[in-house]
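> Which chain is which? The protein sequence lines are A and B, in order. Heads up, the first sequence is in numbering that gives the first Met the number 0, so the first residue is 0 and it goes up one at a time. Heads up, the second sequence is in numbering that gives the first Met the number 0, so the first residue is 0 and it goes up one at a time.
Be a bit skeptical, because a hint or two may be false.
No distinction is drawn between identical chains; accordingly, a pair holds when it is met within one copy or between any pair of copies.
[Stated by the list, open to error] Once the Cα atoms are required to be at most 27 Å apart in a straight line, the calculated DSSO-like pairs of lysine-lysine come out as:
1) 30 with 2
2) 82 with 214
3) 25 with 6
4) 86 with 30
5) 39 with 133
The hints are simulated quantities; they were obtained by calculation from the structure and are not laboratory data.
2 protein chains.
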Amino acid sequence: MAKYEKKGELSYTLGTTLTFELLLRKAEVAKRIYVNPKQKRDETYTKLVHLAEANHVPVITNNQKIFSLSEKENTMVIGEFEKFTCKRMPQGNHVVLVHPSNMGNLGTIFRSCAAFNIDYLAIISPAADCFDPKCVRSSMGAIFSVPFAYFSSFEEYLALAGQRHLYPFMLQTENALKNVKKEKPYSLIFGNEATGLDSSFLNVGTPIKIEQSSKVDSLNLDNAVSIGIYSFLD
Amino acid sequence: MAKYEKKGELSYTLGTTLTFELLLRKAEVAKRIYVNPKQKRDETYTKLVHLAEANHVPVITNNQKIFSLSEKENTMVIGEFEKFTCKRMPQGNHVVLVHPSNMGNLGTIFRSCAAFNIDYLAIISPAADCFDPKCVRSSMGAIFSVPFAYFSSFEEYLALAGQRHLYPFMLQTENALKNVKKEKPYSLIFGNEATGLDSSFLNVGTPIKIEQSSKVDSLNLDNAVSIGIYSFLD
Numbered sequence: 000m001a002k003y004e005k006k007g008e009l010s011y012t013l014g015t016t017l018t019f020e021l022l023l024r025k026a027e028v029a030k031r032i033y034v035n036p037k038q039k040r041d042e043t044y045t046k047l048v049h050l051a052e053a054n055h056v057p058v059i060t061n062n063q064k065i066f067s068l069s070e071k072e073n074t075m076v077i078g079e080f081e082k083f084t085c086k087r088m089p090q091g092n093h094v095v096l097v098h099p100s101n102m103g104n105l106g107t108i109f110r111s112c113a114a115f116n117i118d119y120l121a122i123i124s125p126a127a128d129c130f131d132p133k134c135v136r137s138s139m140g141a142i143f144s145v146p147f148a149y150f151s152s153f154e155e156y157l158a159l160a161g162q163r164h165l166y167p168f169m170l171q172t173e174n175a176l177k178n179v180k181k182e183k184p185y186s187l188i189f190g191n192e193a194t195g196l197d198s199s200f201l202n203v204g205t206p207i208k209i210e211q212s213s214k215v216d217s218l219n220l221d222n223a224v225s226i227g228i229y230s231f232l233d
Numbered sequence: 000m001a002k003y004e005k006k007g008e009l010s011y012t013l014g015t016t017l018t019f020e021l022l023l024r025k026a027e028v029a030k031r032i033y034v035n036p037k038q039k040r041d042e043t044y045t046k047l048v049h050l051a052e053a054n055h056v057p058v059i060t061n062n063q064k065i066f067s068l069s070e071k072e073n074t075m076v077i078g079e080f081e082k083f084t085c086k087r088m089p090q091g092n093h094v095v096l097v098h099p100s101n102m103g104n105l106g107t108i109f110r111s112c113a114a115f116n117i118d119y120l121a122i123i124s125p126a127a128d129c130f131d132p133k134c135v136r137s138s139m140g141a142i143f144s145v146p147f148a149y150f151s152s153f154e155e156y157l158a159l160a161g162q163r164h165l166y167p168f169m170l171q172t173e174n175a176l177k178n179v180k181k182e183k184p185y186s187l188i189f190g191n192e193a194t195g196l197d198s199s200f201l202n203v204g205t206p207i208k209i210e211q212s213s214k215v216d217s218l219n220l221d222n223a224v225s226i227g228i229y230s231f232l233d
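Chain A extracted, bound-state conformation (with noise of 0.2 Å):
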């Protein structure tokens, strides 16, 4: 029975939508696709056949097993993809993520830096697992459309990144998001949910600090992270 092995080869789209996005956007991943044989004979069905085929992705509809994968009994289709990473990191604007703990804002940030065209984003281990059918599910499938790989600390990342400017988001510093000077490309450096980034952080580049009121300790990280995007947008 298929179930998901953090330390395994495999992963899984739970879901018709997000199993689209997978053979939409990273179809060479795609292993085989499952259907649950309550489904319907519709048109999506038939799109989805069809787009599988198209690719060369088997799909088998005799097989209930995999469903138990699913948390939501009425799941009707479940992709099987190969975990994959970005081998060359592209140049371009970043976003970098110092230990990331929870999946469902790294799904929402890779949907953020998706709308938002970030060329590619870095994890710091340790930090949660992007695919985690979770992360998947919460990504809605921009897991698929941005190039990204996990890094054993800053530092790999930072010899690898080539010539850029660096802004980490922190609360200890005084200049504020508005009224820092954006130059490209960049990386923006954002730190774990509870602990943010060390004081190490402001001696890399330019930190920054999104202006926010006494009323709170911080914003949701994946909050932040989408302000940060939107205010380096041209």
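Starting from the known structure of chain A, fit chain B onto it as the hints suggest.
Below, chain B without anything else, positioned relative to chain A:
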């Protein structure tokens, strides 16, 4: 045994930090503080007890039952409070959520509203229950600092909202957020996570679109709201 009920009059802060927020920002609705017998009698505990006493809120240390409320076995402190609402709508800048369905999103939206000094959050039913302990937690206590109320329709809200500039966020318009003239006082209006605002909102005030790539259908709701609020700051 205490158990959260949507139709009941009570809700709960699960955890020490959240319970501090309750006592610091909204002590008048706090009814009781329950302390797990395993809680150490440390400095945090002493502060909590003093704060509760100063606000005439009883602290109960010999009751384990209420801890069945919490999914986390190790919750040390739970605050019990009466549900509340803001009786008089303040002027100033509002966020209006039309049928938000996700409790996590609703909580992080409270957090962003508090961070950026939004004066009022209007929630149009049917909608997620902001008093659910999951939402209270994801708000990180911001539910205690942002005035809010539920309305049965957008029209009901509008009838009470007075003269103001209305900005519905929707993808069916071509007015880009970056370019639109931002006037105060304003109401930033957002639709449901899955369906957005219906096209009737094209006739309400100045519709706005957050410019985004075709790689995604939309942003996650809390990210759209956060970008919207931040962009409307001076």
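> Each hint needs a verdict: does it hold in this structure or not?
Hints, verified against the model:
Taking CA atoms no more than 27 Å apart as the test, residue 30 paired with residue 2 passes inside one copy only; the shortest distance there is 15 Å, against 45 Å between copies. In this assembly of identical chains, the alpha carbons of residue 82 and residue 214 lie at most 27 Å apart only when taken from different copies (20 Å versus 41 Å within one copy). Within a single copy, residue 25 and residue 6 get their C-alpha atoms as close as 21 Å, which meets the 27 Å cut-off; across copies the closest is 46 Å, which misses it. Taking CA atoms no more than 27 Å apart as the test, residue 86 paired with residue 30 passes inside one copy only; the shortest distance there is 20 Å, against 56 Å between copies.
Within a single copy, residue 39 and residue 133 get their C-alpha atoms as close as 25 Å, which meets the 27 Å cut-off; across copies the closest is 36 Å, which misses it.
The structure fails none of the hints (numbered hints given earlier).
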